[in-house]
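Trainee: Chain by chain, the residues run as shown.
Number of protein chains: 2
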Amino acid sequence: MRCTRCRETAVIEVRRHNAAYCSACFVHVFRGQVERAIDRWDMLGTDDRILVAVSGGKDSLALWDVLLDMGYAADGLYLGLGIGGYSDRSGEITRAFAESRDVTLRTVDLAETYGFDIPTAGRKGSRSTCAVCGLSKRYVFNKAALDGGYDVIATGHNLDDEAATLLGNTLRWQTDYIARQSPVLPGKVGMVKKVKPLFRLSELETAAYAFLRGIDYVVEECPLVRGNTQLRYKDAMNAIEATSPGTKSQFLFGYLDRGRPLFRAADDAEVTSCGSCGQPTTGRFCAFCRAQAQILGTRLGVPEPQRDDRQDAEELADEVLPVELYGAEAR
Amino acid sequence: MRCTRCRETAVIEVRRHNAAYCSACFVHVFRGQVERAIDRWDMLGTDDRILVAVSGGKDSLALWDVLLDMGYAADGLYLGLGIGGYSDRSGEITRAFAESRDVTLRTVDLAETYGFDIPTAGRKGSRSTCAVCGLSKRYVFNKAALDGGYDVIATGHNLDDEAATLLGNTLRWQTDYIARQSPVLPGKVGMVKKVKPLFRLSELETAAYAFLRGIDYVVEECPLVRGNTQLRYKDAMNAIEATSPGTKSQFLFGYLDRGRPLFRAADDAEVTSCGSCGQPTTGRFCAFCRAQAQILGTRLGVPEPQRDDRQDAEELADEVLPVELYGAEAR
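Just so you know, the sequences run in chain order A and B.
251 is the number that the working numbering gives to position 230 of the first sequence; each next residue is one higher, with no gaps.
28 is the number that the working numbering gives to position 7 of the second sequence; each next residue is one higher, with no gaps.
Because the hints were derived from the structure by calculation, they are not lab data.
Owing to the predicted nature of the structure, the values given are computational and were not obtained by experimental measurement.
For every residue, glycine included, the Cβ atom is placed at its ideal position computed from N, Cα and C.
Some hints could be false.
[Claimed, not checked] Selected chain B positions facing chain A (in silico; Cβ < 8 angstroms): (1) Arg116; (2) Ala117; (3) Gln271.
[What the hints assert, rightly or not] If you want the footprint, here are the derived chain B segments under chain A, 3+ residues with CB under 8 angstroms: (4) 68-76; (5) 189-203; (6) 250-259; (7) 262-270.
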């Protein structure tokens, strides 16, 4: 197999592009896809202060690596989830990456700062482990970005993640969640802009990039993620992709081109400030503070008025979509 | 396992309804689902003359059986596709069913009437075998219904068929095809109304109904259908359904409730009469006449003006959706 660009021996095949690449050309093409995503979706400005959500996994470290290489001012943020040895190894690998590039890594420990870790949250709260993990990440990343004065949060969501999320939302015709799925979530008061520069690249490609660039990353999956719905959507997409290469990207890009305009109906829930932490919320207290109070057995000031699941869902959906809640990557 | 309705020993489990039924109750529930589909979607009037497209498979014979049982005036139409022993057995079984119920079965032989059979069409034309088969069925059923003065054509599309079609169209965001997917396609000039009374029932349920009612049907699959895209969409849906029972019906019904209104954008292609056969078409000659001319090596009057694939696709989509083109069942 020869490289499509330079005719040297290829090391990776990209079936949906009917192409194969040598190591150097693959890295070049990978960066080109990231540039294209950034330019087309106006993700990052050259003067932006960027906070990359890093978990120690292939996607987030590949993202940080490529952004640094492209000359962006990108700090990292690692969130300690307290998932035993898995979190220990993730933290070490992330710190080693930051040291090797001589870049700033911020760290927040969920248990230290908020009084609970993810295994406890999964046992004690009413949400699934993956749900509370996703909620916590989005909350902490946004808060850290606000506090640190960052312009934008970059996450490592890849094509497989985005296609699986879209499939899940479409299988349920969650029209409001579908409407909000985008490679860019614009900033608003109290909510930092979020971008997904890897959304054009498959999971296999981010893994190959990390490998070819000599990035050491956590290969093991989060031990709490087994049986996760999102993984089953990925399996279903992979089964179709295997015989029809390009299905995933057609699905996601076709949605962005032709489907999304149809779903952009009014779904602007009124946003106010959480009565406990001041972060944006559509209710009296934000979803994170309510989860935290439930897990810790504390009360949020006066008794909360009756709430329905809908508000939870809306707040979860407000930044990233709800079926993205699973937790192997600190997004 | 006990019957959910009468507590007798159950013979079938319907996981997405979290229910199980004995033979008599299952038949009752099955009919209830057909009635619900007919009522909710205004499919059939008591005085309508109905033409059921029958292939000899479980779906179409179950449909004919249930409609007769409900007292509808339903004749059958069998289309001889010329697919060797498979078509021979299908024809015999269909005739035997009609005789046993003492009802009218009309028959059209594709080769006799139109000069080609499906295996030849697959080899000679530019369309895939399944595509030309689907096209031929829709054309012949419509023409036979018009000629015979029928009010409505009923086809045996089940929940699995419809969910797989929707998945295929959604994966490609074929917004115009998505917009037209419906359990009822209203009649218009030259086009007989089409209904799918089994769309609320799964493939497993139509098979169980046929079995429990003692209906002899062709179990073998069309020998030409292997590798068909629609089958892979069914596999993907089945994989998700296995761990999340109800996904298929949520997907289809959720689309009909919440998705479809968003897609009902203007896609009313101008319909005229085919210059060769007079049937409705969006171009100069209809897709069937063009396929036929290509297969037989004849010319359609004066040379055709340049056409693009889009017109083909639109005409195929006009009655039934394009990924429904596969051919095991004479729909």
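Trainee: For every hint, state whether the structure bears it out.
Mentor: Right, here's what the structure says about each hint:
{"no.": "1", "hint": "Arg116", "in the structure": "violated (37 angstroms)"}
{"no.": "2", "hint": "Ala117", "in the structure": "violated (38 angstroms)"}
{"no.": "3", "hint": "Gln271", "in the structure": "holds (6 angstroms)"}
{"no.": "4", "hint": "68-76", "in the structure": "violated (count 0)"}
{"no.": "5", "hint": "189-203", "in the structure": "holds (count 5)"}
{"no.": "6", "hint": "250-259", "in the structure": "holds (count 6)"}
{"no.": "7", "hint": "262-270", "in the structure": "holds (count 3)"}
Violation of the numbered hints given earlier is confined to hints 1, 2 and 4; the remaining hints are satisfied by the structure.
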